[in-house]
Amino acid sequence: MSETVDVIDTLAGISPGDRWDALRRRRPESRSHAQGAYEALFVSVDAAEMSPAERFAVAVFVAQLHGDDEAVRFYGGGLDATPEGARLAGIVRTEARQASHPGPYGAFLHDNAPESVPGPTYSVGSVEAAYALGDRLGAALEHAHMLVLHPRDASRAHLQQLLDAGWSTTGVVTLSQLVSFLAFQLRVAAGLRAMRAAGSASTEGDRR
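Under UniProt numbering, the residue at position 119 of the sequence shown is numbered 119, and the numbers go up by one with no gaps.
Worth flagging that the hints you see were computed from the coordinates, not collected in a lab.
All values derive from a computational prediction rather than experimental measurement.
Just so you know, even glycine gets a beta-carbon here, dropped at the ideal spot from N, CA and C.
Some hints could be false.
Pairwise CB distance ranges (calculated) [stated by the list, open to error]:
1. Ser15 - Gly77: 10 to 20 Å
2. Ser32 - Gln177: 15 to 25 Å
3. Val127 - Asp21: 47 to 57 Å
4. Gly13 - Ala154: 28 to 38 Å
5. Glu70 - Gln177: 14 to 24 Å
6. Phe184 - Asp46: 18 to 28 Å
7. Pro151 - Gly77: 20 to 30 Å
8. Asp18 - Thr169: 35 to 45 Å
Model the full assembly from the supplied sequences, consistent with the hints where possible.
Below, the structure is given as structure tokens:
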């Protein structure tokens, strides 16, 4: 039986047996937990609370907000493989590009108010996009944008918008966990890519 492909390795461009693979395998529990979290959120899923298409669509959106092209391609492949993928893929990518801005933003209170950083919030861009996404997915993308770029501004009112769009309380928790996991996963993958690039540059310099 072949070993399951590790998603962080895939996003970071790590090949089996290379030095970075060996480095990650020094911490097998961390590696296993990260992969297990991915599989719980994207493979062995409760489709009644959040469908595979919704999961991969949100992942594409979040990856674009993070500016992670590798993750956009990876999760875009997952979205394309769902029955709704052909209908959703283009509009989700378009919405993600329109929603991407430098961040994060947020408002502090009282003595920390001078540290507040104002920034745009996201709402589905057009009537056509809202119709194509539907209430549930549109609200999910707006919530994901809030968590990624306005983490200090998320409130009960934003959660209520999800409930009003048809999400259950369990579904809202799953959605929030998924966005939080992606933030972790993409940071780890980006860090590993940076280490690989620095290592390659150092090796090139030693050869000169």
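Now the hints, each set against the structure:
1. Ser15 - Gly77: 10 to 20 Å: Hint holds: Cβ distance 19 Å, inside 10 to 20 Å.
2. Ser32 - Gln177: 15 to 25 Å: Holds, since Ser32 and Gln177 (Cβ atoms, about 18 Å apart) stay within the stated range.
3. Val127 - Asp21: 47 to 57 Å: Taking Cβ atoms as reference, Val127 and Asp21 lie about 48 Å apart, which means the hint holds.
4. Gly13 - Ala154: 28 to 38 Å: Given a distance of about 33 Å, which is inside 28 to 38 Å, the answer is holds.
5. Glu70 - Gln177: 14 to 24 Å: Distance hint for Glu70, Gln177 holds at roughly 22 Å.
6. Phe184 - Asp46: 18 to 28 Å: holds (21 Å)
7. Pro151 - Gly77: 20 to 30 Å: At roughly 28 Å between Cβ atoms, Gly77 and Pro151 fall inside 20 to 30 Å, so the hint holds.
8. Asp18 - Thr169: 35 to 45 Å: holds (44 Å)
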